[in-house]
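Listed in order, the protein sequences are those of chains E and Z. Just so you know, the first sequence maps onto residues 1 to 407 in UniProt numbering. Just so you know, the second sequence maps onto residues 1 to 407 in UniProt numbering.
Source of the hints: derived by calculation from the structure; they are not laboratory data. Keep in mind that this is a model prediction, so the values were computed, not measured. By construction, the Cβ of each residue, glycine as well, lies at the ideal position given by its N, Cα and C atoms. Don't take each hint at face value.
[As the list claims (entries may be wrong)] Beta-carbon label-pair distances, calculated as ranges:
#1 Z:52 to E:48: 19 to 25 angstroms
#2 Z:232 to E:48: 26 to 32 angstroms
#3 E:52 to Z:52: 19 to 25 angstroms
#4 E:63 to Z:150: 30 to 36 angstroms
#5 Z:114 to E:318: 57 to 63 angstroms
Number of protein chains: 2
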Amino acid sequence: MGLLVQKYGGTSVATVKRIQAVAEKVARFRQQGHDMVIVVSAMSGETNRLVALAKEIQDNPDPREMDVLLSTGEQVTISLLCMALKMQGCDARSYTGGQVCILTDDAHTKARIKSIDEQRIRADIDKGRIVVVAGFQGTDSNGNITTLGRGGSDTTGVALAAALKADECQIYTDVDGVYTTDPRIVPTASRLDKVTFEEMLEMASLGSKVLQIRAVEFAGKYNVPLRVLHSFQDGPGTLITLNDEECSTMEQPIVSSIAIHCDEAKVTIKGIPDVPGVASKVLSPISDANIEIDVIVQNISADNTTDLTFTVNRSDMAKAQSVINGVSAELGAKDVLTDDSVVKVSIVGVGMRSHAGVASTMFKALAKENINIQMITTSEIKISVIIEERYAELAVRSLHSAFNLDG
Amino acid sequence: MGLLVQKYGGTSVATVKRIQAVAEKVARFRQQGHDMVIVVSAMSGETNRLVALAKEIQDNPDPREMDVLLSTGEQVTISLLCMALKMQGCDARSYTGGQVCILTDDAHTKARIKSIDEQRIRADIDKGRIVVVAGFQGTDSNGNITTLGRGGSDTTGVALAAALKADECQIYTDVDGVYTTDPRIVPTASRLDKVTFEEMLEMASLGSKVLQIRAVEFAGKYNVPLRVLHSFQDGPGTLITLNDEECSTMEQPIVSSIAIHCDEAKVTIKGIPDVPGVASKVLSPISDANIEIDVIVQNISADNTTDLTFTVNRSDMAKAQSVINGVSAELGAKDVLTDDSVVKVSIVGVGMRSHAGVASTMFKALAKENINIQMITTSEIKISVIIEERYAELAVRSLHSAFNLDG
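The following block holds chain E by itself, in its conformation from the complex (with noise of 0.2 angstroms):
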């Protein structure tokens, strides 16, 4: 028995029936002795639908306004839920975000949460009722409605979790946990009991669709326990916490799993004067572009010039190039090469801080398969390379087996 935070995404509650399902779920939390708070997305398909009035009357939607129209999504499923958790025979009180004071920035649709005061939603719980508050939403301090943008309502969940000094943030989704790779990609791929959120961290960037990245990073931040479950089938999904020292790392795999991110690009600019500031000369205009650069890789220079690679995603790619060619011809570059079929496999692992060797293992895993590495970059707990994009499934397969994580 403890305080739950739970959060049920837009698949979760996309109908009245789902709904209904969602509180009988919590009811029976709350008949177990749990104190619960409900975090809860729009309906899916909702979001589509407001969007696509507001784009009928402007291309880019005013930001201030799109948040007001899209926070009324979340605000319909809490009041639905609380309709559905009183049938259930339990006592529920829905809030938007502004009720429950989530006060974030001003930078609406992607505002960043700065405080929460828990106090009504802890009145609300002494008194024995289930509360229900909408994700993805918050006011600035002007009172203004913003939104959190995507993975909102995951943050929001993480984020009342903090501020209650929750037991555990229980991520509803429709995966039941964290895999130790694409279960498509490898049929013997299996759910991890456990990870970081480090490893989580990495995993979610690379591509792992599971939780937002940002409520990763706070929870992190926050120590708060984060669970993923599948919100239809029982299960004890994946738990993410710090990694516990007492651990000894022999329990621990060296890896944990195995990350691809397809629909890469990458270009290359060959050639160009190895002096300081070059990086930024580059890149800066491809950020300019409001183009997201992924991996970038620049090795030692030879003859004073040097060669700059990243990739982006494959729909920018076109953009990327004529910002490079301008790049190029302004800082006297060589050449500029591109290809759009490569993707990036990634092996991620908290154990591999302690564990030489991992690297030759998974480099002589990918030459067993005659795989050619493109481009290698590596952090503390992950090592990614860049490889061509139809080995993107053997690679993964034979690294998942390098790796012992055939279950």
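Go by the hints and put chain Z onto chain E.
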């Protein structure tokens, strides 16, 4: 040039196209130099959609949660209208009821406005902004979302106009003003340039659907000039004001309009003891059963017993009859009679206060058509008769002509 509060109802904002048309209209007023505050309802159909969702879950949805749900309807409209105003080159800001501190009591689904803090709106006006406020909603003193019930958006408009001391509150609707009677019955019915609050109140309660009675009461109390206009046709509409003492009664018609209220049913309880408290003994159980009573008539008694007749909406008659049958037995009444094919026809006009003979003109006109009067009730500015349903249109036409209202 002045400060105008304009209210646009659900049909006026039913589609994105109509919202854009409203924005164009508002922008024209702004260009003429007016300060503008706009109140909008939910896009028509939206409230029904939300109610249907709630009813899938609860037959009688929880009132607090119903308000959370329904208030999203207006919130969608305010944001879309602001976007459309921006496309017209206007600076505009949307606010929910709670954001502009429309404080209400806590009677969910039928809350009453207690106060409005107009400072935030005033600050925006001073910056040259058009302020768009969600009608129909507010928050109680604990910050819970409330809605104002039927016609709530009209009330929001009037309340804002009162708080801001606006020059006029303009209610845009699907008729071009208030008419001398229903033009579908009397083709010569004409638009009134001006009516008094009191006349409008009598007309509203008698079945004119142009304005909600609460809004008129509110406007009268705070002396807010109220104008009814057509959303998409130009015209002066009808101004509803205090009866200007400077206008001589010579200049105003004695009777300003003929109202008709169909769907009435009458219930008579005959031969009840004529003792103090008997009317309350008859009518309390009716009100306890949540049946709304319209007309009540009791005449002098004979033989220490009296007859009491009241009318209800036809759809409530069966329920009323069964309640009254019980009461009748208790009180030892002689009989209960009902008739569900009656209508109420009324003449309304502040002019009749100072004119004798209005009633006799009315009764003479009806007699000339051989229309039997079943019941009569009067107020200072209204005379109503209950007649057989089949004479309804004939009665209205003959009265319209008898009081020289034919345009």
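Of the numbered hints stated earlier in the document, which are not met by this structure? Of the numbered hints, all hold.
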